[in-house]
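So you can see what is in the structure, the chains are spelled out below.
Protein chains: 2
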Amino acid sequence: MSTLFNSKDLASMSSRYRAHFINSLSGFKSANLLGSINQEGISNLAMISSVVHLGANPALIGYITRPQTVRRDSVDNILATEVFTLNHVTPEMLPAAHQTAAKYPADISEFSACGFTEGYVEGFAAPFVQEAEISIGLRWIECVPIRHNGTQLVIGQIDWVKVPEAAINDDGYVAIESLNSVAISGLDGYHQTRRIGRFTYPDLEQDPQVVRSK
Amino acid sequence: MSTLFNSKDLASMSSRYRAHFINSLSGFKSANLLGSINQEGISNLAMISSVVHLGANPALIGYITRPQTVRRDSVDNILATEVFTLNHVTPEMLPAAHQTAAKYPADISEFSACGFTEGYVEGFAAPFVQEAEISIGLRWIECVPIRHNGTQLVIGQIDWVKVPEAAINDDGYVAIESLNSVAISGLDGYHQTRRIGRFTYPDLEQDPQVVRSK
Numbered sequence: 039m040s041t042l043f044n045s046k047d048l049a050s051m052s053s054r055y056r057a058h059f060i061n062s063l064s065g066f067k068s069a070n071l072l073g074s075i076n077q078e079g080i081s082n083l084a085m086i087s088s089v090v091h092l093g094a095n096p097a098l099i100g101y102i103t104r105p106q107t108v109r110r111d112s113v114d115n116i117l118a119t120e121v122f123t124l125n126h127v128t129p130e131m132l133p134a135a136h137q138t139a140a141k142y143p144a145d146i147s148e149f150s151a152c153g154f155t156e157g158y159v160e161g162f163a164a165p166f167v168q169e170a171e172i173s174i175g176l177r178w179i180e181c182v183p184i185r186h187n188g189t190q191l192v193i194g195q196i197d198w199v200k201v202p203e204a205a206i207n208d209d210g211y212v213a214i215e216s217l218n219s220v221a222i223s224g225l226d227g228y229h230q231t232r233r234i235g236r237f238t239y240p241d242l243e244q245d246p247q248v249v250r251s252k
Numbered sequence: 039m040s041t042l043f044n045s046k047d048l049a050s051m052s053s054r055y056r057a058h059f060i061n062s063l064s065g066f067k068s069a070n071l072l073g074s075i076n077q078e079g080i081s082n083l084a085m086i087s088s089v090v091h092l093g094a095n096p097a098l099i100g101y102i103t104r105p106q107t108v109r110r111d112s113v114d115n116i117l118a119t120e121v122f123t124l125n126h127v128t129p130e131m132l133p134a135a136h137q138t139a140a141k142y143p144a145d146i147s148e149f150s151a152c153g154f155t156e157g158y159v160e161g162f163a164a165p166f167v168q169e170a171e172i173s174i175g176l177r178w179i180e181c182v183p184i185r186h187n188g189t190q191l192v193i194g195q196i197d198w199v200k201v202p203e204a205a206i207n208d209d210g211y212v213a214i215e216s217l218n219s220v221a222i223s224g225l226d227g228y229h230q231t232r233r234i235g236r237f238t239y240p241d242l243e244q245d246p247q248v249v250r251s252k
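From first to last, the protein sequence lines stand for chains A and B. Quick note on this note's numbering: the first sequence kicks off at 39 and runs consecutively. Quick note on this note's numbering: the second sequence kicks off at 39 and runs consecutively.
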C-alpha cells in the first residue's frame, strides 16, 4: 500500500525526520572516505555518500559539500593543497568509517582517531586509506556553487587509481562487488551487494543479454 | 595485489575500456528511471545512474546529463514542461529498464517500447512508472553547466513522493532495501543489496551503535 506525500506533507515533517526521509529517496549511494591534508600536515578523513561520476574523458568525479554555514575541513584542505583522495569503504571498515563524521577538532586527524592508516603516492600530497581496496587520487579543478542551499559540487580530475588487478575485467569493468565495496542508503544505512547481472550495450535490434564477467 | 594506474596509464586506455573502468570507480550508484513528457504528449523514460542528493530542506535532487553533443530528450522535456519523475528500479524491472537507454526515435515512448506503464499524479504533467515501488515528482529549478565536459547538473525540487508506508521507519528512514531498490556499478552492472546495519549519529563520546530499524 503506497502513500502519496505532497509538498505540504514534506514541509510539515520535523527537520530530523525529513533529513532521514529525503536522504533515503535518491536511492543507493557510494560509500567513500575522503582523504585530505592541510598545509601544516594535519590529515583529515571524512565519510561521504554524494560522490558522482561526471565523465570518463577527461576522467572527472564530483561530490557535494555540506553548506558553507558549517566547518568543512575537507574543502579547506582541498582548496589549500588542490588534491584529495577517495577510498571505497568495505564492511571491515565499519563502523569506524561512519565515526569519521563526528565533529573532531580541526587539529585531530580522523585517520588516527578512528584507526585508519595513511598511505602516500609519491609526488601527491593527500593521503589515501591503506585499509581500502580501491583508492583514487584527484586533482581539484573547480567548486561549482549550488545557490539554492549553499552547497557546492567539488570537481576533481583523476590523477591515479590504486585497484587490485584481479577485479579488473578485459573490457575495463572493475568488479567492485568482488572487493566488497559498500553502498549507503539514507544518512546511516550501510549495505553489501550481490550482482544480479551485467547487460550488453542497449540497442534497438535485440533485448539486453547478460554479459559474462568476473 | 594492487596496481597503481597513473594519468598516463589512464590516457592510454581505449575509449570504451576507459568508460567501463572510470565509471566503476565512483562506487555504487542509484538505479532510477527518469520519466518526462514533451508538449506534444509523447512520454520518455531513461535509465540514469547519476542521481545525487543535494539537500533535505529545501528537498533537492540532481542528476548529471550526457554532454550537449548528443540528443537528450529528457532534458528537452524538462526544460519544456519543468517537471520530471524519478522511479527506483527493482530486479523485476530488469533488463527492460536497461533497454530504455537504447536510441529510440524521439517520437517513440520508452514506456510502451520497453513495457512500462505510465501513471499520473493530478496536476503534475510528467508520468511516473507504475511498476516502481518508489516514485518521486520533481519541479525543475536549474541546470548548472559543468564546463569541463559539456554536461549539466539538472536540479529539481521534490514536489511529491509515492512510497509504501510499510517501508518507512518512525525516524523517517525509508528501508529502500526492503523494497528491493537496485544499485548500479559501472555502465552496466546491476546489484541487489543486504543491509549490514544502520549506525547512530556519530559523536565524540561513544562509538557508533547499531540502530534497530525495519
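Check the hints yourself; a few may be wrong.
Copies of the same chain are indistinguishable here, so a pair counts whether it falls within one copy or spans any two.
To be verified - Once the Cα atoms are required to be at most 27 Å apart in a straight line, the calculated DSSO-like pairs of lysine-lysine come out as: (1) Lys46 with Lys252; (2) Lys252 with Lys200; (3) Lys141 with Lys46.
These aren't lab readings, by the way, just hints derived from the structure by calculation.
Checklist entry - Taking 27 Å as the upper bound on the Cα-Cα distance, should lysine 252 and lysine 200 be classified as within, between, both, or neither? => result within (18 Å within a copy, 36 Å between copies)
_lysine 46 and lysine 252: within-copy, between-copy, both or neither at 27 Å Cα_ = between (47 Å within a copy, 26 Å between copies)
When no copy is specified for lysine 141 and lysine 46, does a C-alpha distance of 27 Å or less occur within a copy, between copies, both, or neither?
For lysine 141 and lysine 46, neither the intra-copy (33 Å) nor the inter-copy (38 Å) Cα distance is at most 27 Å.
Checked against the numbered hints above, the structure violates only hint 3.
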